[in-house]
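So the protein lines, in turn, are chains A and B.
Going by the numbering used here, the first residue of the first sequence is number 1, and it counts up by one from there.
Going by the numbering used here, the first residue of the second sequence is number 110, and it counts up by one from there.
Warning: the hint list may mix true and false statements.
Chain A is faced by these chain B residues, among others (derived, beta-carbon under 8 Å) [stated by the list, open to error]:
(1) Tyr142
(2) Gly151
(3) Pro152
(4) Phe154
(5) Asp165
(6) Phe175
(7) Glu180
(8) Glu209
(9) Leu210
Note that these hints are calculated values from the structure, not bench results.
Note that the Cβ used here is the ideal one computed from N, Cα and C, for glycine as well.
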Amino acid sequence: AQRVTQPEKLLSVFKGAPVELKCNYSYSGSPELFWYVQYSRQRLQLLLRHISRESIKGFTADLNKGETSFHLKKPFAQEEDSAMYYCALKPLDAGKSTFGDGTTLTVKP
Amino acid sequence: GAGVSQTPSNKVTEKGKYVELRCDPISGHTALYWYRQSLGQGPEFLIYFQGTGAADDSGLPNDRFFAVRPEGSVSTLKIQRTERGDSAVYLCASSSPGGELFFGEGSRLTVL
Chain A
1 AQRVTQPEKL LSVFKGAPVE LKCNYSYSGS PELFWYVQYS RQRLQLLLRH
51 ISRESIKGFT ADLNKGETSF HLKKPFAQEE DSAMYYCALK PLDAGKSTFG
101 DGTTLTVKP
Chain B
110 GAGVSQTPSN KVTEKGKYVE LRCDPISGHT ALYWYRQSLG QGPEFLIYFQ
160 GTGAADDSGL PNDRFFAVRP EGSVSTLKIQ RTERGDSAVY LCASSSPGGE
210 LFFGEGSRLT VL
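Chain A with its partners taken away, still in its complex shape (with noise of 0.2 Å):
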């Protein structure tokens, strides 16, 4: 079975602050790992992925397969990044994808 855990539900910074936005998995198999966006009245859409290890809007993540966890970091949170983030799972070779119940971060000025 494939189970995402949020921790956090909301989360509240000051810009310039560092974030970090929380992600645990359980997976038996080999997961790709993603994060996904929704920003105030727009779709979902995908932020990043494990596999492409890239920094997209200064955001980063890095999967830990020890910890099973795979936390968004960004060091200095900007006002346009309030929105809800959605950690999710998918098994690498086919498959749903299985969502956390999300995090809302609010970025103050």
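Following the hints, position chain B against chain A.
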């Protein structure tokens, strides 16, 4: 169009009625997914298609829910004898073999 299109964007119905929700995926995407999202929760998997066939329908909550994708493109999610607990936003997504999901804006279903 360039993105995933879902209709209707809003649907209000009465308990016991039948509802159809439509999804038009990105052209060329072979995989199509249906999710349901209730307030304060993440998208909950319902079913996914690879081409015309349902590759995994393990998320359909009961036999009142059914989905089809007869020509491997447009998909319809059908809900019979709707109940108040079916009220949610129904999301459709399509993907290329790369695995990234492209979502529609969702269909908000309200059952009175």
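* Index of numbered hints that the structure contradicts, given in increasing order -> 6 and 7
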